[in-house]
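> Under numbering that gives the first Met the number 0, the very last position in the sequence shown is 39; numbers go up by exactly one each time.
Keep in mind the hints are simulated off the structure, nothing from the lab.
For clarity, every value in this text was computed on a predicted model and none was experimentally measured.
Ideal Cβ positions, reconstructed from N, Cα and C, are used throughout, including at glycine.
Do not take every clue at face value.
[What the hints assert, rightly or not] Using C-beta positions, here's what the derived DEER-type ranges look like:
#1 Tyr8 / Tyr32: 14 to 20 Å
#2 Ser11 / Arg33: 26 to 32 Å
#3 Thr6 / Ser34: 26 to 32 Å
#4 Ala30 / Ser7: 14 to 20 Å
#5 Val13 / Lys35: 14 to 20 Å
#6 Asn37 / Glu14: 18 to 24 Å
[Said to hold, decoys possible] Subject to a maximum C-alpha distance of 25 Å in a straight line, what follows is the list of computed BS3-like cross-link-like pairs (lysine-lysine):
#7 Lys35 / Lys2
#8 Lys16 / Lys2
#9 Lys16 / Lys35
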Amino acid sequence: MSKSDGTSYSLSDVEEKGFSALDLRYFFLQAHYRSKQNFT
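Required output: the full structure, derived from the provided sequences and hints.
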């Protein structure tokens, strides 16, 4: 995820896609903090 590439998301962007902040939190808690995750 890179800000210069335009691939970063703010919380408001995530909420516009229909996800809540709690959904995003659970997504991050699914995996180890050093593993890669794909949020698309």
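> If a hint holds in the structure, say so; if it doesn't, say that too.
So, going through the hints one by one against the coordinates:
1. Tyr8 / Tyr32: 14 to 20 Å: Roughly 18 Å apart at Cβ, these two residues keep to the hinted range, so it holds.
2. Ser11 / Arg33: 26 to 32 Å: Roughly 27 Å apart at Cβ, these two residues keep to the hinted range, so it holds.
3. Thr6 / Ser34: 26 to 32 Å: violated (18 Å)
4. Ala30 / Ser7: 14 to 20 Å: holds (19 Å)
5. Val13 / Lys35: 14 to 20 Å: Cβ of Val13 to Cβ of Lys35: about 18 Å, so the range 14 to 20 Å holds.
6. Asn37 / Glu14: 18 to 24 Å: The hint (18 to 24 Å, Cβ to Cβ) holds, given that Asn37 and Glu14 are roughly 19 Å apart.
7. Lys35 / Lys2: With a Cα-Cα distance of about 17 Å, the restraint between Lys35 and Lys2 holds, given a limit of 25 Å.
8. Lys16 / Lys2: holds (18 Å)
9. Lys16 / Lys35: holds (21 Å)
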